[in-house]
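Enquirer: What follows is the residue order along each chain.
There are 2 protein chains.
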Amino acid sequence: MSDDKPGQFTRDEITSQADAWAQLIPIVTEKGDKIQQLFEGIDEVIFTGCGSGLNASLSGAPILQTQTGLSCRAVPAAEIYLFPKSALVPNRPTLAILLSRSGETTEVVHALDYLNDQGISVLAITCSESSPLALRSDLALVLSPVTERAVATTRSVTGMILTTQLIAAIVSDDEAYMNELRRLPMVCEPHMDAFHDLGKSIGQNKDLTKYAFVGSGPFFGQAHESQLKIKEMVLLPVDAYPTLDFRHGPQSNVDPHMLVTVFISDSAFEEESKFIHDMKSLGGVTWAICDRTDDQIRENADYILEVNSGLGELVRGVLYMPAVQYMAYYRSLSRGLNPDEPRNLSYWVDTSS
Amino acid sequence: MSDDKPGQFTRDEITSQADAWAQLIPIVTEKGDKIQQLFEGIDEVIFTGCGSGLNASLSGAPILQTQTGLSCRAVPAAEIYLFPKSALVPNRPTLAILLSRSGETTEVVHALDYLNDQGISVLAITCSESSPLALRSDLALVLSPVTERAVATTRSVTGMILTTQLIAAIVSDDEAYMNELRRLPMVCEPHMDAFHDLGKSIGQNKDLTKYAFVGSGPFFGQAHESQLKIKEMVLLPVDAYPTLDFRHGPQSNVDPHMLVTVFISDSAFEEESKFIHDMKSLGGVTWAICDRTDDQIRENADYILEVNSGLGELVRGVLYMPAVQYMAYYRSLSRGLNPDEPRNLSYWVDTSS
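Chains as they are written, first to last, in our numbering: chain A, 1081 to 1433; chain B, 1081 to 1433.
The shape of chain A in the complex, shown without the other chains (with noise of 0.2 Å):
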C-alpha cells in the first residue's frame, strides 16, 4: 500500500497533525451558527460511530456534557438500530453525533437510516463529503485536513476528537474554552520531535510484551484509543480500563513486561499518581502521560510525557495521543510488520454485502 517505505503513510499522518488540526478548527468554527440551531430545544445527546469513531465518541461525550449540562452518552453505532430501547431515551429531544471517517462504514449508515427514519437530527462528523453519511445528515462536518490513506486512524481521531471539543465550546458559548483549544496547534508543534523520540524510544523497548492503558473522565476515549493502535499495528495484547477500575481484577497480569500507561487529568490527579506508584510496586512498567508531575510521578514513572501546556483537562487530551501513536508505529516496525497494512483489517467495514 505504501509508496515508500513500511508505515510511510501512518507517520506522516502522525506527523502532521498540528498543522492538519491548524486547518480543522476554522471548517468547524464557521460553522457555529448551524451548529447552535442544531442543538436547539435538544435535551439529550447520543455519540456514536465503530472503532476509532467509537473512541473519540468516548471523549466526546462526557466533554461535552461537563461543558454544556446537556445528557451525553456515546454507545456503538450497532446498538442504535438493534437495540434502540437501551440506546436511545423515549420522549427526549435528542441529538444524534455520528463520528466515521469514511462516512460508509455498515453500521454507521445503519444507524443514520434509522434514526431518520425515527426523525432524530443527526450531526456528521466524517472525511468523506461525497459519503452516505455526509449526504444524508442534518449538518455535516467535513474534516478534508485530517483525511487519511493508512488504514489505522491516527490524524482522523485526533481531528474526530477536537471536533467534538470545538462542538462543546460553540454549543456552551464559552469564550475562555475556545482559545484554549484554539491554542492546541501551536501548543503541539514545538513538542513533536519529543513526542516522537519518546515514543520511538518506548517503541523500540522489545521487553515490553503487554500493554495497558488507562484513563478517567475525558481521557478513557484516549485510552481505548491507544489500546486500538496497538490491536490494529502491533498485535501485541493490550487493555483499556478506567484508571481505578484496573485495580479490581486485570493489576493481576502487570509484570515487568507490561507497559502501563496512565493519562493523568486535573480532577483524579492524587488518585492517579498512587496508581503509578501501585503499578510500579506490581513490577510493572509505567509511563506517565501528563501536563505535570509531582514526586511520585517522577519517582515511580518509568518513561514520563510532561507537556505543561497549562490547558485543562478537557481541552489536551488529544495533545497527548502523538506520542502513542509513534509507540505504536515503532514497536510495529519493530516486529517487522508494517504500520500501513493491518492484518485482517481494511480501510473500512463494509458488511452489506
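Think of the hints as simulated: they come from the structure by calculation, not from any bench. Quick caveat, the model's predicted, so the values are computed rather than measured. Just so you know, not all the hints are guaranteed correct.
Taking lysine-lysine pairs in the DSS-like style, the calculated list, with each CA pair at most 30 Å apart, reads [stated by the list, open to error]:
1. Lys1085(A) to Lys1290(A)
2. Lys1111(A) to Lys1165(B)
3. Lys1165(A) to Lys1114(A)
4. Lys1165(A) to Lys1114(B)
5. Lys1286(B) to Lys1286(A)
6. Lys1280(B) to Lys1290(A)
7. Lys1360(B) to Lys1290(B)
8. Lys1286(B) to Lys1360(B)
9. Lys1286(A) to Lys1360(A)
10. Lys1280(A) to Lys1085(A)
11. Lys1165(B) to Lys1085(B)
12. Lys1360(B) to Lys1085(B)
13. Lys1280(A) to Lys1290(B)
14. Lys1286(A) to Lys1165(B)
15. Lys1111(B) to Lys1165(A)
16. Lys1114(A) to Lys1165(B)
17. Lys1280(A) to Lys1360(A)
18. Lys1290(B) to Lys1165(A)
19. Lys1354(B) to Lys1165(A)
20. Lys1085(B) to Lys1286(B)
21. Lys1290(A) to Lys1290(B)
22. Lys1280(B) to Lys1360(B)
23. Lys1290(A) to Lys1286(B)
24. Lys1290(A) to Lys1360(B)
25. Lys1354(A) to Lys1280(B)
26. Lys1354(B) to Lys1360(A)
27. Lys1290(A) to Lys1280(A)
28. Lys1286(A) to Lys1354(A)
29. Lys1290(A) to Lys1354(A)
30. Lys1360(A) to Lys1290(A)
With the hints as your guide, set chain B onto chain A.
Expert: Just chain B now, kept in the frame of chain A:
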C-alpha cells in the same frame, strides 16, 4: 485460602448458583413496594460499582432502560465523585444503584458519601448487611445467599445481575417478565452438569492462549465479566468488546490460538451468527453461547452452548455465566494456578489508608 484442594471455594460457588438464585429471588421481591417507592419521580438511573459490580451495572443499565423507558447508564464508581459533571446529569431527579459484594470498596464508599451529600437516593446491592454501603443507603438489598469466600466473584455477580433484572420487573410491573425470571433457577439446575462439562472441556484446551468475549446490548456486561474472570484466574490475554465493534480493529489479533466467545442475543441474532462465521474464516476458535442455533452457527462454532430455555434476551444472561466460569476455573488449574487466589488481588480493594 482454600481448606481443601486449589479452587474448591470457586468451584463450590459456581456449582451452587441455581440454588443461590432461588434463595435470592424472594429477598428482592419482598421489598418490591420499597423499591417502587424509591423510583417514584425518578427520571435518571445511575448504576455504579467496581470490577464485577461495574460489570453487573453494564448488564443492569440496558435491561432496566429497555424494560422501563427510564434513562439508565453505568459508570465506574470513582467517576461519581471525581468526575461528577460527566457522570451525573444536572437537574434530573436521579436514583443511584450501587453494587458491591463487600460494600466496603473504597471508591464505592466515596461514591456513596458523595451521593448522600448531593441528596441523591441510593439503592444498595451488596452481600454484606453490616457494610457501610448497606448501612448508609436508602434501601439495601442484602444478597446473603450469594456471598462468597473466593476472591473472584462468580455467584455474587450473577446474583447482582439477577437482582437488577428483578428490580426492572418490579418497576415496570411486568408480571410476564417476573415469571420468566422466577424460572431461572429451575431452568439452570438441570443444565449445570452440562455447563460444567463444556466449561471443563474448553478450559482444558491448552492450545487456547488468548481470549475474546463479545456481546451486544444486555450481553456486553456478561462479556466484560467473562473477560475479568480470565484476567483474574487465568492470567492470559483477554478482551471484551461490543460484538460488531470487534471487527473494527481487534479482529486483527484473531488466529487459531484465540477463542472468540459470542453471547448471542435475539435482537442481533443474524448479525451475531454472521460474526461467528467471519471469526471462523479468520482462523479463530469460536464458542457460541446462545438459546438456539442456526445452520451458520452450527457450521462455524467450534464449541456451542445451546440452552433452549425459551427465555428472552433480557432474562437469560445469567444462565450463560456458569459455563464461562467453569472454563476459567479449569484453564486456571491447567496452568498450575489456584483459582481461589488470584495474583495481586484481595477480597476487596481498600485504598483509603
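Enquirer: Are there hints from earlier that the structure breaks, and if so, what are their numbers?
Expert: Hints 11, 12, 14, 18, 25 and 26 are the ones this structure does not satisfy, whereas the remaining hints hold.
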